[in-house]
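Student: Same order as they appear, the protein sequences are chains A and B. According to full-length UniProt numbering, numbering within the first sequence proceeds without interruption in unit steps and concludes at 422. According to full-length UniProt numbering, numbering within the second sequence proceeds without interruption in unit steps and concludes at 422.
By construction, these hints were calculated from the structure, which means they are not laboratory data. Where is the CB? At the ideal position from N, CA and C, for every residue including glycine. Among these hints, one or two may not hold up.
[To be verified] Listed next, the in silico BS3-like pairs over lysine-lysine satisfying Cα-Cα at most 27 angstroms (straight line):
{"#": "1", "chain 1": "B", "residue 1": "Lys123", "chain 2": "A", "residue 2": "Lys123"}
{"#": "2", "chain 1": "B", "residue 1": "Lys123", "chain 2": "B", "residue 2": "Lys20"}
{"#": "3", "chain 1": "B", "residue 1": "Lys210", "chain 2": "A", "residue 2": "Lys144"}
[Claimed, not checked] Interface residues of chain B toward chain A, partial, derived using beta-carbon atoms under 8 angstroms:
{"#": "4", "residue": "Ile51"}
{"#": "5", "residue": "Ala54"}
{"#": "6", "residue": "Val57"}
{"#": "7", "residue": "Gly63"}
{"#": "8", "residue": "Arg64"}
[Said to hold, decoys possible] Chain B residues, not near chain A, derived (Cβ > 10 angstroms throughout):
{"#": "9", "residue": "Leu69"}
{"#": "10", "residue": "Arg75"}
{"#": "11", "residue": "Arg120"}
Number of protein chains: 2
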Amino acid sequence: MGIVVQKYGGSSVANADGIKRVAQRIVDAKRDGHDVVVVVSAMGDTTDELIDLAEQVSPLPAGRELDMLLTAGERISMALLAMAIGNLGQEARSFTGSQAGVITDGTHGKAKIIDVTPGRIEKALELGAVAIVAGFQGVSQDTKDITTLGRGGSDTTAVALAAALKADVCEIYSDVDGVFTADPRIVPSARKRERISYEEMLEMAACGAKILHLRCVEYARRYDMPIHVRSSFNKLTGTWITDQKDNDTMEQAIIAGVAHDRSEAKITVVGVPDRVGEAARIFEALADSAVNLDMVVQNVSAASTNLTDISFTLPRDDGQTAMSALARIQDEVGYDSLLYDDQIGKVSLIGAGMRSHPGVTARFFAALAGAGVNIEMISTSEIRISVIVDEAQVDDAVTATHTAFDLDSEDVEAVVYGGTGR
Amino acid sequence: MGIVVQKYGGSSVANADGIKRVAQRIVDAKRDGHDVVVVVSAMGDTTDELIDLAEQVSPLPAGRELDMLLTAGERISMALLAMAIGNLGQEARSFTGSQAGVITDGTHGKAKIIDVTPGRIEKALELGAVAIVAGFQGVSQDTKDITTLGRGGSDTTAVALAAALKADVCEIYSDVDGVFTADPRIVPSARKRERISYEEMLEMAACGAKILHLRCVEYARRYDMPIHVRSSFNKLTGTWITDQKDNDTMEQAIIAGVAHDRSEAKITVVGVPDRVGEAARIFEALADSAVNLDMVVQNVSAASTNLTDISFTLPRDDGQTAMSALARIQDEVGYDSLLYDDQIGKVSLIGAGMRSHPGVTARFFAALAGAGVNIEMISTSEIRISVIVDEAQVDDAVTATHTAFDLDSEDVEAVVYGGTGR
C-alpha cells in the first residue's frame, strides 16, 4: 500500500489523553500496511498562550521572532506524539518544517510554500518509522529563517507534503465528521456529503465553511491530491474532496451545500461623483491599506444628480482600517458620506450542478422570499450564488434554502460543527 | 570593543518582567559599545513542565524525541527575549543551537559539543544586531538530529560560543552575586571572591558549589576563556574565573573557599576476602551500572581474618542502583554484607595556595576537632582536602573551617546563595 498523510488539529491533541488516542489511530493505520506521515498542529491553546506571552514583552514583535516563538508549539506536540507512538511499540520520528523540507518565501507570519523536499521523511519511511511533521511552519529559501504559514497553515502543510510524497490520500482530522450540506447547528437535518469536488469545496471555504482553509483546497486541486476530511473522535468515513470532472454527472448533486458567514461588514460610500476614475481611486485607497474586499455593488447613477453609491463587503476585522482609508480621501474624491453596517450575514448556495440546471437562482430567491428574508446584495460565480442579508435572518435563510433544495436528511445525526485550528 | 557573551539562566527570564529586565541589561551592554551574544535557558519551570507532559504520554520516551521536546523551552525564551530587545529599539535575532553552529555528538540527553561554527552569529553581529542563542542544545554531526547537552548545558554553550567567537569574556548571570568563600546561608560572614582560578573553581564545582557546572569550567580552562559570574538582579561586579598562573602569588589567597555537599551517600562492603581482583570485581560491577563513585577507602586487612572493608561515596540518586549491583555479585565475591548511609555530608577546603603552604591539613582538622566534628573519610588533591562527616554536623564544620582560615568578612552582605539552572 502507499503513503497516507494524516493531519491532526490542535483540538485532537489538546492534552495527553488526546495525544495517546491519536497515537493509537496512527499505529492502526501503520499496521494496516500504510506508510504513514502525520502533520500535527500545536496543542489546544498553546498558540494563544505564546501570543499572549509575546504581547507581554512587546506590543509589536518582530515577525521573525514571532515565528520562532510560535513554532515551539508544534515542536512540543510533535515530540509528544512521537513518544506516544513509540510507547505503542512503533518507531516514530518527529521533524520540524525545516527538517521536513518545507521551503517557503520569507514573509513571516504568512509565508508561502515554494518547494517541498521531503528527503528525511522518505528516509524515515524507508526505515519503517512513522514520520511526524510540524504543521504551519517552514524555512525561508533565502535567509534560512524559520517561517510560519499563517491561517490554514497546517492543513496546507499536509496537502503539500502529500503531493510531494505522491501519497494516496491526505486525511484531515478534526472534531467534525466531514463536510455538511449546511451548518448542523443551524440545520439539524443537514447531511454529511460523501464526496465534493475541489471547486465546490473552494466556494464553500470562501463562503464561510470553516472546515478547510481555501488555501489548502487550492493546493490540493492544483496537485490533484484527494483530501479525506474526517473526525479524529470516531472511525466513520468522512467527506472525500476530489476532482469530479470524470464522474458521471447523473450522480452529481445539483447543490453541494449552503454556507453562511457572519464575519463580514458592509460599507457604503454615498454620493460619489459619477466620473471616470473616482471608483478606481476608492478601491486603490482600500488596496493600499491591505483591505480585502468581497462583494462590490455600484448603483446606477441618478441622472438628475450625476451621483452614485458604491457598496462593498469586507471582513469586520478590516472595518476600521477601511473607514479610515476612505475618510482620508473624502476631499479628493468628493463623496458625501460613509455608512458602516456590521449587522449583515452572507448566505451562499454552492453546487457544480447549477451550471447545467437552470432555475436554481429563481428557486433560491423564492425560498428566501418565502422566509421573509430581504436580499441586500447579490454576487454569483459559475457554481455559486451569494446574498447579503440582515444578520438576524441568516438562520432562517439557511434553513429555508436547505429545505427548498431537498437537502434535508431523514436520519438526523447529532454532530458538532466547529472550526478547525490553524 | 570586543565581543561579550552573556548567559542568563531560567530564573532570570522566568516571566515577562524578568525578560524585559534582562533585555534592558543587554541593550545597555550593546550601547556601551560591545558586540553582544546572549545565551538563554528556558523560562523558569518550562523544562519541568515539558518533562511532566512527556511522562504523561510515555514512561520511557525516546531520547531523540525528548530532546526535540525540551528544546522548545529555549526556543520560547530566546524569541521572547529578542522581541523585548527589539521593543527597546535594538535589533536582535534569535538562533537555535543548530542555527548557531553548536555541533554535538549523537548522545541524546547529554550530548558533547564537538565543534562550534558560529557563522550566522558573526553575520548578525556584523549587521549590528544582538544575537540570542538557545542554550543547552545543538545538532548532531552525523544524523542532523536535535540534541541537548544535559546538566550545565547552557553555561557550556555560552563558554563554547565565547571561545569560538574569541570573545573578551563570558558573563554568566544568575540570582547569585558571585562565588563566595562558603555558602552564605550557612556562614553569613562569607565573602564574595573577586577572582578565582579555573582549577579552584573546578574543585569548588566538584565539591558541591552549585554556581557553575564542572563541565563549563573545564571548557573555559581548556580555551582560557575568562568567566565573569554575576547577578542579573544588580550591577555589582561578581567573581572573575581566570587563569591565574601568571598572577603574583603574593596576591593569591591560600584558601579559595569552603564547599559542602549533602547529595552523597556512603556504601560499605563489609568482609571482602583480601584476594587480588576482588576489589576490581566490585568496582567493575558499579561501573557496569553507570554509578559514579567519588571517594573510595579500603581498610587494611585484619591479619587474623584476611578480610577487608571497602567504603565509597556516590550520589544518593545512584544509591539503589549501586546496592542492587553489589547484591548481585555477593556470592561471586563472597563478602559478608552491605551498609548504606545517606546521613553524610562532604566538606571541602579548596585553595591553590595550599600547594605552597604546609600545615593547611593540620589547621583544617584542628578546626573540625574544635567544633566536635568526627571525620569519617578523607580524600585530597593537590589543591583540595575533603572530609566526609555526619550530615547533621556539616554546618558546624563549614563555619569552624571558614573562621579558622580567616575567611570571615567584616561587612556581611545579605545574599542568597542558590543553584543555577541548566
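Student: Report holds or violated for the interface hint on Gly63(B), using the least CB-CB distance to chain A and a cut-off of 8 angstroms.
Tutor: For Gly63(B), the interface hint is violated, since the closest Cβ of chain A sits about 10 angstroms away, which is over 8 angstroms.
Student: Going straight from one Cα to the other, do Lys123(B) and Lys20(B) come out at no more than 27 angstroms?
Tutor: holds (25 angstroms)
Student: For Arg120(B), which was marked as not at the interface, is the minimum beta-carbon distance to chain A over 10 angstroms?
Tutor: violated (8 angstroms)
Student: Hint check: is the beta carbon of Ala54(B) less than 8 angstroms from a beta carbon of chain A?
Tutor: holds (6 angstroms)
Student: Could you check if Arg64(B) really has its C-beta closer than 8 angstroms to a C-beta on chain A?
Tutor: holds (7 angstroms)
Student: Decide, holds or violated, for the assertion that all CB atoms of chain A are farther than 10 angstroms from the CB of Leu69(B).
Tutor: violated (4 angstroms)
Student: Holds or violated: is there a CB of chain A closer than 8 angstroms to the CB of Val57(B)?
Tutor: holds (4 angstroms)
Student: Between the alpha carbons of Lys210(B) and Lys144(A), is the straight-line distance 27 angstroms or under?
Tutor: Cα-Cα ~38 angstroms, so violated.
Student: With d taken as the least Cβ-Cβ distance between Arg75(B) and chain A, does d exceed 10 angstroms?
Tutor: violated (4 angstroms)
Student: Using Cβ atoms only, decide whether Ile51(B) comes closer than 8 angstroms to chain A, and label the hint accordingly.
Tutor: violated (11 angstroms)
Student: Does Lys123(A) lie within 27 angstroms of Lys123(B) when you go C-alpha to C-alpha?
Tutor: violated (33 angstroms)
Going through the hint list in order, the structure does not satisfy hints 1, 3, 4, 7, 9, 10 and 11.
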